[in-house]
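Novice: The lines below spell out each chain.
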Amino acid sequence: MKVFSWTLPIIKMIRAFIYSFQSEWLKRKRSAASWLVILGAFFIPVSITIGRIINFDSLYAVNTSKEAWSKVFGWAWQPMAFFLLPLGVILATSLITQLEFKNNTWKQLHTSPQSLTTIFFAKLLAVITMLFQFFILFNIGIYLAVVIPSIIFRGIPYPEAAIPFMKFFKIDLKFFICCLPIIILQYIVGLQFKNFLIPLGFGLALYVGSMMAMNWKYGYTMPYIYCALNFIKESHGDQPKVNIYIFSVGYFILFTIAGYILYLNKKEKG
Amino acid sequence: MFCIETKNLTHRFSSSETVLSNINLMVPEGSIYGFLGPNGAGKTTTLRLILGLLKKQTGDISVFDKPFHLNRIEILQSTGSLIETPSLYGHLTAIENLTVSQKIYQCPKERMTEVLKLVGLENTGKKKASQFSLGMKQRLSIAVALLPNPSLLILDEPTNGLDPNGIIEIRELLKKLNQEKGITILVSSHLLSEIEKLVTHVGIINKGQMMFQGTLDELLNKQRESSCIVFDTNDAIKTAEIFKENDITAETKDGKSIVSIIEKEKIAVLTEQLVKSKVKIYEISTIKNDLESIFMDITNN
Chain A
1 MKVFSWTLPI IKMIRAFIYS FQSEWLKRKR SAASWLVILG AFFIPVSITI GRIINFDSLY
61 AVNTSKEAWS KVFGWAWQPM AFFLLPLGVI LATSLITQLE FKNNTWKQLH TSPQSLTTIF
121 FAKLLAVITM LFQFFILFNI GIYLAVVIPS IIFRGIPYPE AAIPFMKFFK IDLKFFICCL
181 PIIILQYIVG LQFKNFLIPL GFGLALYVGS MMAMNWKYGY TMPYIYCALN FIKESHGDQP
241 KVNIYIFSVG YFILFTIAGY ILYLNKKEKG
Chain B
1001 MFCIETKNLT HRFSSSETVL SNINLMVPEG SIYGFLGPNG AGKTTTLRLI LGLLKKQTGD
1061 ISVFDKPFHL NRIEILQSTG SLIETPSLYG HLTAIENLTV SQKIYQCPKE RMTEVLKLVG
1121 LENTGKKKAS QFSLGMKQRL SIAVALLPNP SLLILDEPTN GLDPNGIIEI RELLKKLNQE
1181 KGITILVSSH LLSEIEKLVT HVGIINKGQM MFQGTLDELL NKQRESSCIV FDTNDAIKTA
1241 EIFKENDITA ETKDGKSIVS IIEKEKIAVL TEQLVKSKVK IYEISTIKND LESIFMDITN
1301 N
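For the protein sequence lines, the chains are A and B, in the order given. In case it helps, the numbering used here puts the first sequence at residues 1 to 270. In case it helps, the numbering used here puts the second sequence at residues 1001 to 1301.
Please note that a few of the clues may not be correct.
Subject to a maximum C-alpha distance of 30 Å in a straight line, what follows is the list of computed DSS-like cross-link-like pairs (lysine-lysine) [claimed, not checked]:
1. A:K194 with B:K1128
2. B:K1056 with A:K269
3. B:K1127 with A:K194
4. B:K1103 with A:K29
5. B:K1055 with A:K12
6. A:K267 with B:K1066
7. B:K1103 with A:K102
8. B:K1007 with A:K266
9. B:K1222 with A:K29
10. B:K1066 with A:K266
11. B:K1109 with B:K1128
12. A:K12 with B:K1103
13. B:K1197 with B:K1222
14. A:K12 with B:K1207
15. A:K194 with B:K1066
16. B:K1222 with A:K269
17. B:K1127 with B:K1109
18. A:K269 with B:K1109
19. B:K1127 with A:K29
20. A:K269 with B:K1207
21. A:K102 with B:K1126
22. A:K102 with B:K1128
23. B:K1103 with A:K266
24. B:K1207 with A:K267
25. A:K102 with B:K1055
26. B:K1103 with A:K194
27. A:K29 with B:K1117
Partial list, computed: chain B residues near chain A (C-beta under 10 Å) [as the list claims (entries may be wrong)]:
28. R1048
29. Q1077
30. L1082
31. S1087
32. H1091
33. Q1106
34. T1124
35. K1128
Cβ-Cβ distance ranges computed for the label pairs, FRET-style [claimed, not checked]:
36. A:L254 with B:K1197: 56 to 62 Å
37. B:T1018 with A:K194: 22 to 28 Å
38. A:I198 with B:D1297: 32 to 38 Å
39. A:K241 with B:L1070: 48 to 54 Å
40. A:K102 with B:K1197: 35 to 41 Å
Honestly, the hints are just simulated from the structure, not real lab data. The C-beta atom is built at its ideal place from N, Cα and C for all residues, glycine as well.
The shape of chain A in the complex, shown without the other chains:
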């Protein structure tokens, strides 16, 4: 019995965290952020599908090529990495934190029997899970962008080349890591300010600043630059001066700690 007694508080904490996460996940149902994830994930694949159908002549060549999957994957990631992904993350994270302000529910959340630590991390995990959901939907979209033309048109074959799962998984994982600094910074600012325009403006300003700093020799220090740097690295083979994944994870950990302390010390909690 003694062996298990010390584990009980840990099990209790984990259970409380899981329930809190389930509660947070339910809150996003039908919210603007959840629609943004779905629409954002399918926007580019749908555009590519339409573009491919319009440029019917090139369909056969692409689908019979050994690089069929990689080509479409690359087309989809280019606008996503530079523009839609960072902006989508800025908007979705701000919208999620805004849910409590907009509905005047911080007081309800903070009078529920859960620790502030649980609330902070359960909500953060819900945002990260939404990003994960976005990546899954985006990849399904890419798959459909390749497959749909071969279903519609008789002469267009299903690509013979096997789907390079591991390659795509690794690229997705890298982009996922590159999004983490954006998520946590937006999350911190979103938790602090009732006015939705503040986290949004903050995110846009940092994004524009990061894009402007692309050619700066210390540009890699900008926390919102890594998605773009990763795309350049993956598509053109340009190696950044530093390991951008370590920087991304480092920023994520640093800002998570800072955000957590700020959240705990908030004078008014609803």
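Once you have looked at the hints, place chain B on chain A.
Specialist: Showing chain B alone in chain A's frame:
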């Protein structure tokens, strides 16, 4: 035993603005405590401090006889609350709003149907909370507060925005919860008339200071004490002399003699003596201060 007890609770929003000054709130277990005061008196600040929504600066807060800051989660597990405006997710239905809390409190799912029935919202179906009327939102918020089967309910102006029928319904519901389930209820309001039919205990706060605290009966006694009898006669001096001879202290105001409530027999004796002394009596009337006037007196002081 007190369900909620604060000792010398003081709070400042800035160094020049003291919003609460040495508040010693004592809510007996099993009571319905009416926390009264005009707008801006400090009611909501006190309740927010009790629930940990504001960081405590000076003083002590105990709930269920335990210091709040050391037992926050345990206390909140048995406390339902509604502070000011309804706290609901507008894009979710009534049942989904309850599920958000049900996950955290880990109460049985059947409890959601129970509380919805209790507040009369069992037939709202897929209607989103944002499409509810203010009264429905208020009732759903109460349902959320009742979900964990709390021992203590803290409600800040729960009848705000409700029509008279809604006010009566909520009042009856709270009475029922208190009597049948023994739930201690702390309910704030700026209208005494609204809660005098509900509460067993009363605390009156004004400008951050506790002006009165006690049972409703004690407040009613105060009302009786402040009631008076007015003698309108043609000779106030003579009237005062007669009162003095009968050991009754009278105050003269606008030519009328005002005495505190006295026995019926005494009124008859005084009337007889006044008539014998050829003092003409125009009117003898009783002024009964209602609770609202007492409340106004206390808060104006």
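Novice: Against the earlier hints, flag every one the structure doesn't satisfy and list their numbers going up.
Specialist: 9, 14, 15, 16, 34, 38
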